[in-house]
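A.B. asks: Chain by chain, the residues:
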Amino acid sequence: MTRYNAWNVLKNGITGQKGWDRAWRDPQPKDSYEIVIVGAGLHGLATAFYLAKNHGIRNIAVVEKGWLGGGNAGRNTTIVRSNYMMPGNRFFYEHSLKLWENLSHELNFNVMFSQRAHISLLHSPAARDAAARRYNTMRLTDTGAELWDLETLKREVPHLNYDNARFPIIGAAVQSRAGSARHDAVAWGYARGADQYGVDIIQNCEVTGVRRENGRVTAVETTRGDIGAAKVGFAVAGNTSRLWRMVELGKLPIETHKLQAFVSEPLKPLLDQVVVFGVGGAHFYISQSDKGGMVFGGDLDWYKSYAQRGNLPIVQDVAEAATSILPCLGRVRLLRHWSGVMDMSMDGSPFICKTPVENLYLNAGWNYGGFKATPASGWYFADLIANDRPDPVIENFDLGRFSRGVNIDERGAGPDPKLHG
Amino acid sequence: MIRIKCPFCGERDHSEFTYGGDASIVYPALDATAEEWHEAVFMRENIRGMQTETWHHVNGCRMWLIVQRDTMTHEIRSVRPAHEGLAGVLEDDR
Amino acid sequence: MSARRLPSGGRIDRSQVLRFTWDDRVMSGHPGDSLASALMANGEQVLGRSFKYHRPRGVMSAGVEESGAMVTVGEGARRDPNVKAPMQELFNGLTATGQNAWPNVRFDFGEVNDMLGRFLVAGFYYKTFMGIPPFEWGKGTGAWMWYEKFIRKAAGMGSASREADPDQYEQGHDFCDLLVVGSGPAGMSSALAAAEAGLDVMLVEQDWELGGSFLSQTGSESKNRCADMVASLNNAGVRTMLRTTAFGLYDYGVAGLLERVTDHLQSPDPYQPRQRFWTVRAKQTILASGALERHIAFGNNDRPGVMNAAAGRAYVNRYGVLPGERVIVATNNDSAYHSAIDLASAGAEVTLLDARSTLPGELSERIGEAGVSLRTNTVPLKTKGRLSVNGLELAVISVNGWRARGAESCDAVLVSGGWSPVVNLMSHRGVKPKWDAENACFLAPSRHETIQMAGSAAGYWRAADCELSGIAAGSVAASALGKKAKSLVLPPIGGWDLAIKPVYEVKVPGKKLKCLVDPQHDVTAEDIRLAHREGFVSAEHLKRYTTLGMATDGGKMGNVIGLALMAEALGREIPEVGTTTFRPPYTPVSIGALRGRSVDEHFRPLRRTPMHDWNLSNGATMTMAGLWHRPWYFARQSETISEAYVRETETTRKTVGLCDVTSLGKIAVQGPDATEFLNRIYTNPFAKLPIGKARYGIMLRDDGFVMDDGTTWRLSETEYFMTTTTAHAGKVMVWLEELLQTRWQDLKVHVTSVSEQWAGCAVAGPESRKVLATCVEDASVMDNDAFPFMGVVETKLKGGIPCRIARISFSGELAYETYVPSDYAVAMMDLLWPQAEQSGGCLYGLEALGAMRIEKGHVTGAELDGRVTIEDAGLGKMASPKKSFIGSALRNRPDMTREDRPKLVGIFPKDRSQTFNAGAILCSVEQVSGLGEGWITGVTHSPVMGHWIGIGFISGGHEAWAERTAIAADPVRKGNTEVEIVSPHMYDPSGEKMYG
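Just so you know, the sequences run in chain order A, B and C.
In my numbering, each number is its position in the first sequence, counted from 1, plus 1448.
In my numbering, each number is its position in the second sequence, counted from 1, plus 607.
At position 710 of the third sequence the residue is numbered 695 (my numbering), and the sequence of numbers has no breaks.
Hints are not guaranteed to be accurate.
Stated by the list, open to error - Here are the simulated DSS-like pairs of lysine-lysine, each with C-alpha atoms no more than 27 Å apart in a straight line:
#, chain 1, residue 1, chain 2, residue 2
1, C, K755, C, K716
2, B, K612, C, K716
3, C, K492, A, K1459
4, A, K1459, C, K497
5, C, K959, C, K868
6, A, K1513, C, K417
7, C, K867, C, K673
8, C, K268, B, K612
9, A, K1546, C, K134
10, A, K1716, C, K268
11, C, K268, A, K1602
12, A, K1602, C, K138
13, A, K1459, C, K134
14, B, K612, C, K468
15, A, K1459, C, K138
16, A, K1459, C, K499
17, A, K1501, A, K1478
18, A, K1716, C, K138
Stated by the list, open to error - Non-contacting residues of chain B with respect to chain C, defined by C-beta distances greater than 10 Å in every case (computed):
#, residue
19, P614
20, E623
21, V648
These are computed hints drawn from the structure, not numbers from a lab.
Remember, predicted model here, so these are calculated numbers, not experimental data.
Ideal Cβ positions, reconstructed from N, Cα and C, are used throughout, including at glycine.
Please model the complete structure; the sequences and the hints are all you need to start from.
C.D. replies: Structure (structure tokens):
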């Protein structure tokens, strides 16, 4: 397998790019595997990679109804951060960020993680105090975090709306180690990494049923035949409820909603950080891709939907938010907008857990924060499947937390999925 | 833009309304058990296809409506007032 | 040689001269010119540089698919990067500059990238830049971030202004029976047919003239036909919109339109918006959006002087610009014959290469008459030249593919590789276009939902057929809306004399060529094959790995070629590779238009209380509270905020203070079952609340966490007046409506938001009773006995002002909330304030209100953050054990009843001279790290206690922390402070003052 490095890039430049291998094989499904992961999105691929790397298991298939990384992996706004404060979330996302920091090296694939700082704008003393609680918690748990005053913010991001904003900007809460990454590269990097360990990534293979005997899953039925499995993991955010019905386990604390994302025409550098704000019922986040497009997004479309198509009201809403903080964006043109379907959970937090079926494991409920969670999600889901018990870090990412009354709701929005994010 | 035919106001953009949730949920009595309430508050069928759901005409007549809508295509099959008494009044008017 | 302006012909007005500048050089053009045609007429060839390799680029098209002539228009705050020159209407004073080049597009140092092109292939950046070369040593992101700085500067196209956009935008809404997109033969005929059948029709055209393909035709017949149709449209009452792009189709056929109002004007009227964004709800839609001509991938097929054949025809016939003197037209289908004929007629020496071996009958005769020399079985292989084309190497058909044969000199190459119907808007609706092998193009179904395709967008190549299909579609739309319309027999789609011969790429054995597939993003045929070798074979992977189709033309130029090359590499058919989904917008839309007037201070509505102006004229400094502006403090002379709120607090506690509390939510709860309703939604009992009394209540959510709090006043047997917090006023109202209309339909209760109807003023302090007594008409209503704590009185202020007063206290003093109808707000203040002032009182704002509530340990939104139980908030005794209420079932889940949960406490600095901040984390002295034991939600200087105090939460509550020191850890601001944990009721815990 040809390593990705500058040497080989130069060599192949001279020899006509003939020396590169396939990034991943296109294998036929075997009759059975030790572990079958359903869903070759970011989390499913990461899970396979860490099962192989951390736990030495190689007899793994990742089955995917479409193309790997074809769902939300390629539809998100690529923000990576760990500014979570609730018990459970805090250490999980920080672990994820640590994995991100070395991910390109670990995968030998440049995922372009750019730690360019994540800046949450603050608009009132009350908001500053609320942010202080979060960022103090980060500092006390060994994660860098800062509050910037207005002068610092003006110096670092000079062209925000400091003069006429409806909600005057008074400062910012900042995580310098946060930033953005190249979303597709993460899917491809994990796929290539897993493939090199011998994991079979089987695309265009839709799961149509789940065979069970004596309370155990024995195989997944797919459009490419039945595939036996000693253990099965679901990682199909957006479509979790559909698979869940196949195993007849009843309902889930999940609703599927859609989120739109936006990119502008490519521009020379205009914004060097990730900038976020939420005030007056608006929610907005923006960064500039390395290619030059302004990548941004806002709230859900507010109604449950499985359609990967958005509607105009949120487009307007997001455009309003965009120009309200970056008034120069008025003339910048929107190049594309698209949408993805999200597992919205009842508290905005995910599930990495065992299920009522002994050898079936669930990874779901990522709301619209799944991208940043990718490495840790794969790490802990692999650990769960390999060892059949949750690591203490994810002990509250189970389906039983609502019965127990455990609250890991970062927004405090309550059991209404559309209010989380 | 989804267009919702409010029985009171006529056909309007969905941006005048807010989506409520799954209308098939039957909320238990206040003195029901925590298990029953857990089921109603936290658990969802999450139908992909035609589902019965509530919408609130929040920037209109403020009526809660029961809407049959396909969650894949957004096609709406029917809209009626959530309050059965009001639904009955509308029937009588016809 | 380069392009030149013809002495006559075209739709430009040679009698008028427009001056414009290109890279600081003054040039001239005429009304009717596009920026592209004017630059060509001025002999400019290199107008842009490509994204990655910085290859020189000229005009490649005459429309939205342009990928070469991308320029920056305007200056300063009105600088618009990435403008497609063919789409920019020329005007006097227009300023355009080249972009993505240094020092300029004609001589660009960046061109060195083109020489390094063999290294900078698709996706090379995924394989390096991770660490220290050559083997990517190291860890972390340092190396990448070093490289990234340079990569970011090199990437991007134009440069946006950092200044605020000074222009205004508007939003419009419209309705119609039929929306027709495109005004070519099909669009105009469909609009006419529908309008004549009685439909209300809107016709939108992105160009500045109606006519579509008519505009680039020559001959009086088509000119007259076009003029006739335009006239008929006006007579038929069709609403036409020029310079308007239907950029997206959404659910229910709702269309988004962008109308460019002033982008073509030198000095717009000040009232004119730059652009308008329209939301149009059409009952029926016809997409007569035309078709775009495809390129062919051959060597250096992006050199200035190479453009699509239809563009060549448009420049000659519409703009009066001859693209070259010696022109080679290369085609694989009939359409380019017209271009060849028109260019030859205009004086060019034209050679036509047809990849096919037989000739289309009538057309071949006509090209002979026009003096065009024709070579069959011949295709372009590679252009020659550097900054502009000066020759073309040719290839002819061989046993297995093509072989090189000779070269010809030329100064322009016009290419037609077939046509791609514009199915983008149908694709926005989630409809997958299907490959039509006979016509070598993707076609959408002719009808989906209420949307129809017509004309060349539906795959009709002849103008007459397009008209026919337009009439048919218009009739179908009319019938669908119940109008009488004739039904037509449609000709089969297609309509070329001789079938197209698919040619996507020309390559010959042993010859290395740089064949651009997606010129704007520098995606080459080799890139497609590299993607294939590496396994990026699906349409989606191909697109993402090579960036094919991701440029500002949205794949209009390259997508089909890319898919065809991948199909070839896979040995499959194009449909098996798939098609990429076209996303809205069809062409890029300014973010300014999408936001309309919701800009700066108009981003969100501003809510002001009816005494806003009164507050301001009495010295208030305002602060934001959600959407509201509320008084923050009333500074006297040179007081700082701290001095002001401390004085206001002291004064209120000593004499009396007035505070505008209008922003609280107010809901009228009425009906025979109102009492039962309140009893269900509040945790505490309301069943026995007497008329004339108020009660503080807590509402939980279904999940048992606290939702909101407020007081509810019983006005009569069946009527209550409920107040909510400012923040949750809307949410509570929606919640009550939901409960009554869905869950509890049997309850006879009506709720009405009366927040706007009542203005409120808190009158607080020992002198408050006296102040109010002098202001009410009947002072006896204020007697302590008649009006006890939590009492409610409906009475009149002097002058007959109706008012309702409750004796409730947020400050902890003897206090009242007084409400009058909003129109009397100022009258109320004018009555109250002189009396309060006489008693030595003051006006106070949110800061003092906050200080007094912290002293009392009263909770607000800072504490009730959606994760707090009623016990956490120290209000557990308000949860009635004798009844069930919303949230009562789920509030007792195990984790919510843990003893060690953080509970509401008061906080004192250990050293009373010290201060600390809200947002600090409370930790034990032993462990000032980790998630901590609690947090601080509010901090104030307490004049009563003479030191700083705080309110917050800590595990187990204050009893668990008696005699223990805690640390308020605030590493992001001021570091650690030792604190004592005390009861949250820090001031007057027995409530003597309130009852007094």
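A.B. asks: All hints, please: hold or fail.
C.D. replies: So, going through the hints one by one against the coordinates:
1. K755/C - K716/C: Cα-Cα ~37 Å, so violated.
2. K612/B - K716/C: 24 Å, holds
3. K492/C - K1459/A: 25 Å, holds
4. K1459/A - K497/C: 18 Å, holds
5. K959/C - K868/C: 47 Å, violated
6. K1513/A - K417/C: Holds - the C-alpha atoms of K417/C and K1513/A are around 18 Å apart, at most 27 Å.
7. K867/C - K673/C: With Cα atoms ~13 Å apart, K867/C and K673/C stay inside 27 Å; holds.
8. K268/C - K612/B: 14 Å, holds
9. K1546/A - K134/C: Holds: K1546/A and K134/C sit about 22 Å apart, inside 27 Å.
10. K1716/A - K268/C: 42 Å, violated
11. K268/C - K1602/A: 49 Å, violated
12. K1602/A - K138/C: With a Cα-Cα distance of about 22 Å, the restraint between K1602/A and K138/C holds, given a limit of 27 Å.
13. K1459/A - K134/C: 25 Å, holds
14. K612/B - K468/C: Judged against 27 Å, a Cα distance of about 23 Å means the pair holds.
15. K1459/A - K138/C: Distance of about 26 Å is within 27 Å: holds.
16. K1459/A - K499/C: 19 Å, holds
17. K1501/A - K1478/A: It holds: about 21 Å lies between the C-alpha atoms, which stays within 27 Å.
18. K1716/A - K138/C: Satisfied, since the Cα-Cα distance of roughly 6 Å is no more than 27 Å.
19. P614: P614/B clear of chain C: closest Cβ-Cβ about 13 Å, beyond 10 Å.
20. E623: 12 Å, holds
21. V648: Its Cβ does come within 10 Å of chain C, the nearest being 5 Å, so this is violated.
Violated hints, listed in ascending order, are 1, 5, 10, 11, 21; each of the other numbered hints is respected by the structure.
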